[in-house]
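Asker: Spelled out from the first residue to the last, the chains are:
Number of protein chains: 2
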Amino acid sequence: MKIAIMGFGTVGSGVGEILVSQKEEMTKKAGEPIEVKYILDLRDFPDSPFKCFTKNFEDILNDDEVGLVVEAMGGTVPAYDFTKRLLTKGKHVITSNKELVAKHGTELLTIAREKSINYLFEASVGGGIPIIRPLISSLTGSGINSVVGILNGTTNYILTQMIDKGKTFEEALSEAQEKGYSEKDPTNDIEGFDTCRKTAILASLAFGKAIDSEKIPTEGITKVTLEDTMYAEKFSCSVKLIGECRKAENGVFARVCPAFVPYSNLISNVNGVFNGIMVDGDEVGSVMFYGRGAGKLPTASAVVSDVVDAVKHKDTNIRILWTDAPEGYLLDGKDCKYKFYLRLKGDMNGFENAVSIADGEFAVITDEITEAEIEEIAKGHEIIGKMRVIG
Amino acid sequence: MKIAIMGFGTVGSGVGEILVSQKEEMTKKAGEPIEVKYILDLRDFPDSPFKCFTKNFEDILNDDEVGLVVEAMGGTVPAYDFTKRLLTKGKHVITSNKELVAKHGTELLTIAREKSINYLFEASVGGGIPIIRPLISSLTGSGINSVVGILNGTTNYILTQMIDKGKTFEEALSEAQEKGYSEKDPTNDIEGFDTCRKTAILASLAFGKAIDSEKIPTEGITKVTLEDTMYAEKFSCSVKLIGECRKAENGVFARVCPAFVPYSNLISNVNGVFNGIMVDGDEVGSVMFYGRGAGKLPTASAVVSDVVDAVKHKDTNIRILWTDAPEGYLLDGKDCKYKFYLRLKGDMNGFENAVSIADGEFAVITDEITEAEIEEIAKGHEIIGKMRVIG
Numbered sequence: 068m069k070i071a072i073m074g075f076g077t078v079g080s081g082v083g084e085i086l087v088s089q090k091e092e093m094t095k096k097a098g099e100p101i102e103v104k105y106i107l108d109l110r111d112f113p114d115s116p117f118k119c120f121t122k123n124f125e126d127i128l129n130d131d132e133v134g135l136v137v138e139a140m141g142g143t144v145p146a147y148d149f150t151k152r153l154l155t156k157g158k159h160v161i162t163s164n165k166e167l168v169a170k171h172g173t174e175l176l177t178i179a180r181e182k183s184i185n186y187l188f189e190a191s192v193g194g195g196i197p198i199i200r201p202l203i204s205s206l207t208g209s210g211i212n213s214v215v216g217i218l219n220g221t222t223n224y225i226l227t228q229m230i231d232k233g234k235t236f237e238e239a240l241s242e243a244q245e246k247g248y249s250e251k252d253p254t255n256d257i258e259g260f261d262t263c264r265k266t267a268i269l270a271s272l273a274f275g276k277a278i279d280s281e282k283i284p285t286e287g288i289t290k291v292t293l294e295d296t297m298y299a300e301k302f303s304c305s306v307k308l309i310g311e312c313r314k315a316e317n318g319v320f321a322r323v324c325p326a327f328v329p330y331s332n333l334i335s336n337v338n339g340v341f342n343g344i345m346v347d348g349d350e351v352g353s354v355m356f357y358g359r360g361a362g363k364l365p366t367a368s369a370v371v372s373d374v375v376d377a378v379k380h381k382d383t384n385i386r387i388l389w390t391d392a393p394e395g396y397l398l399d400g401k402d403c404k405y406k407f408y409l410r411l412k413g414d415m416n417g418f419e420n421a422v423s424i425a426d427g428e429f430a431v432i433t434d435e436i437t438e439a440e441i442e443e444i445a446k447g448h449e450i451i452g453k454m455r456v457i458g
Numbered sequence: 068m069k070i071a072i073m074g075f076g077t078v079g080s081g082v083g084e085i086l087v088s089q090k091e092e093m094t095k096k097a098g099e100p101i102e103v104k105y106i107l108d109l110r111d112f113p114d115s116p117f118k119c120f121t122k123n124f125e126d127i128l129n130d131d132e133v134g135l136v137v138e139a140m141g142g143t144v145p146a147y148d149f150t151k152r153l154l155t156k157g158k159h160v161i162t163s164n165k166e167l168v169a170k171h172g173t174e175l176l177t178i179a180r181e182k183s184i185n186y187l188f189e190a191s192v193g194g195g196i197p198i199i200r201p202l203i204s205s206l207t208g209s210g211i212n213s214v215v216g217i218l219n220g221t222t223n224y225i226l227t228q229m230i231d232k233g234k235t236f237e238e239a240l241s242e243a244q245e246k247g248y249s250e251k252d253p254t255n256d257i258e259g260f261d262t263c264r265k266t267a268i269l270a271s272l273a274f275g276k277a278i279d280s281e282k283i284p285t286e287g288i289t290k291v292t293l294e295d296t297m298y299a300e301k302f303s304c305s306v307k308l309i310g311e312c313r314k315a316e317n318g319v320f321a322r323v324c325p326a327f328v329p330y331s332n333l334i335s336n337v338n339g340v341f342n343g344i345m346v347d348g349d350e351v352g353s354v355m356f357y358g359r360g361a362g363k364l365p366t367a368s369a370v371v372s373d374v375v376d377a378v379k380h381k382d383t384n385i386r387i388l389w390t391d392a393p394e395g396y397l398l399d400g401k402d403c404k405y406k407f408y409l410r411l412k413g414d415m416n417g418f419e420n421a422v423s424i425a426d427g428e429f430a431v432i433t434d435e436i437t438e439a440e441i442e443e444i445a446k447g448h449e450i451i452g453k454m455r456v457i458g
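Going down the list, the protein sequences come from chains A and B.
Going by this note's numbering, the letters in the first sequence line up with residues 68 to 458, in that order.
Going by this note's numbering, the letters in the second sequence line up with residues 68 to 458, in that order.
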């Protein structure tokens with residue numbers, strides 16, 4: 068099959084590399100050769116071994132020989148318009164673009180279904196970790212109750228450095244930037260927006276109905292202090308930025324926030340730039356997926372796997388249940404009960420199992436309560452730190 | 068689609084249960100209703116809600132309405148003959164039978180390919196953990212270098228009890244039997260045969276060529292002592308029964324043996340009846356899959372996922388690369404280098420980084436050496452314990 072790559076940045080060039088270096092292997096796996104006919108990018112790449120660059124999207128759109136397009140542009144403009152037109156023309160589209168999938172997944176999947184082609188996005192969550200396909204085709208024998216994950220490598224690296232090396236948030240962030248783990252503008256990572264989009268995608272797949280990422284309550288890690296991580300250790304917990312979604316009686320509840328995770332939960336041992344995603348099912352129990360959540364080749368390898376799968380399903384839509392959700396389907400979660408870590412000012416007298424790392428303050432882990440009940444538990448003490456504890 | 072279930076034991080009855088309790092959900096996922104028309108078992112089940120039992124295999128084989136059969140009989144007689152005849156008749160077969168897949172996978176997959184149907188076996192390794200499908204369709208964008216796993220829940224439970232509770236092997240084994248985690252005859256588990264079959268299946272899929280399970284060097288956990296686990300702790304390691312396969316220059320190397328695994332490797336934190344499988348790929352890096360490796364509903368849910376997938380691929384063979392291997396493809400591994408844990412009698416003078424838990428003995432972890440070099444390292448000291456150390 069002849070294909071095109073749109074966007075020749077980190078992921079796009081990685082896809083090109085793998086398709087060339089593993090040409091023979093990929094032909095065997097896909098059942099036919101996969102040939103890159105166009106690469107769309109506004110920049111020039113005079114030193115690239117590829118000689119098929121174009122700056123004109125129409126070249127790809129109007130070439131009937133091109134059966135599949137890899138969209139590695141990122142963002143929604145012009146990726147949304149391009150993807151829609153390609154799918155409408157009957158070309159498979161494979162993407163790593165989580166923003167686009169989170170925002171327009173329902174519509175783009177519907178077009179793919181109608182045209183009996185595929186819009187696949189394994190690389191949009193968890194880099195090279197297979198999580199999308201297991202959700203749509205391996206865990207179908209089990210009703211899914213929840214998905215809880217560490218979905219962003221940058222923030223997990225920062226938190227790991229704070230916990231293991233005693234670095235402050237600011238020190239750990241600049242180290243992550245120096246090592247190239249974080250973009251110059253780290254907002255999407257540290258404010259939790261990246262985790263939020265991935266959570267929306269996982270929730271939409273796990274429960275079959277679209278979750279709007281903009282409506283998921285999202286808190287990043289900028290307020291996590293070194294003291295919080297020290298208290299976590301006292302309670303045999305790690306601090307992790309968690310994206311979670313859970314099935315409830317009348318809908319689905321989703322949230323992104325930093326949380327205490329007990330050492331006994333394997334997620335707690337997922338450190339550094341790694342991601343870990345725990346799926347809990349009725350029949351299957353707890354299943355975890357772990358690996359590098361980002362990086363050029365891991366992400367590109369996930370894109371290439373989707374390319375191979377689409378070539379294998381040339382004339383068949385791989386059924387992905389993801390439809391519009393009814394009004395009120397995403398619940399606000401204020402009735403959800405959690406254990407909470409509370410760091411309080413004052414004297415710990417009268418608090419059971421309290422611990423302290425400095426004079427004039429202490430911390431407790433509550434029983435399972437709603438957020439509204441926290442003030443009552445604090446008994447008038449000023450709250451200077453607070454996080455959910457996740458099983 | 069109308070289907071049959073052969074063998075109404077733990078897994079077969081679990082499949083029936085899920086198909087009934089999640090009928091609506093499964094219809095949505097498969098795109099059509101899945102109806103159990105026959106259940107083959109020599110026993111009677113007067114209290115079962117199912118009323119479609121038969122003792123005659125020919126009923127299923129000759130009924131053209133039956134498009135798919137779940138083989139949950141176990142063993143190779145008569146499962147091999149039945150499966151072959153069903154596939155030849157053009158009926159999809161889904162199985163959890165690792166013995167049959169390990170022994171006759173190549174032949175049965177070839178028939179399925181020729182008939183454009185499917186022989187699927189997600190449940191044969193790792194219970195409900197999706198590992199087979201990721202290997203054949205999600206990790207295709209990355210060359211695989213190795214698969215290393217804890218593949219047997221019973222032995223992992225026993226080792227965890229020894230490490231965490233200080234129980235002897237014998238005590239832990241009888242506890243596993245009391246709890247129903249181990250069969251009455253635990254040979255297959257504790258001698259490593261079960262892990263060996265699963266390793267053969269994973270190796271055959273990961274590298275595309277059949278590995279004969281009977282030729283994989285296999286050592287169980289019966290010789291692991293409490294002292295070994297105490298030394299492991301001193302070296303910040305767990306003791307795990309590991310099935311591994313690795314790509315080498317001229318073939319593949321595979322082995323099953325108990326090993327030290329450093330705490331820093333996530334596999335080391337996979338405890339109790341859980342399984343964990345680490346796949347290492349050129350592009351994707353390390354990816355781990357974790358969950359319950361056995362049990363009625365986890366295993367049955369994996370079978371049901373395969374049923375749904377086969378219904379979705381009614382007229383298409385899902386390409387699985389698994390062909391005959393050339394002579395000498397499975398290497399004997401005697402040149403493979405490992406670090407070794409050695410427990411030695413005598414005085415630790417002259418040994419670097421040695422530790423001791425009792426008078427007159429000590430232990431070391433060697434540099435990377437071949438098995439042949441061990442005697443030299445031991446410098447004439449009697450070896451009373453020995454295990455590989457795995458990354």
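Hint data in this document are derived by calculation from the structure and do not stem from the laboratory.
Check the hints yourself; a few may be wrong.
Since the list can't tell identical chains apart, any single copy or any two copies may satisfy a pair.
[Said to hold, decoys possible] Derived pair list, reagent style EDC-like, types lysine to aspartate or glutamate, alpha-carbon separation capped at 16 Å:
| id | residue 1 | residue 2 |
| --- | --- | --- |
| 1 | Lys-401 | Glu-125 |
| 2 | Lys-170 | Asp-391 |
| 3 | Lys-406 | Asp-130 |
| 4 | Lys-104 | Glu-84 |
| 5 | Lys-301 | Glu-258 |
| 6 | Lys-232 | Glu-286 |
| 7 | Lys-301 | Glu-245 |
| 8 | Lys-404 | Glu-84 |
| 9 | Lys-282 | Glu-166 |
| 10 | Lys-151 | Asp-111 |
Asker: Provide an ascending list of the numbers of those earlier hints which the structure does not satisfy.
Answerer: As far as the earlier hints go, 1, 3, 5, 6, 7, 8, 10 are violated by this structure, in ascending order.
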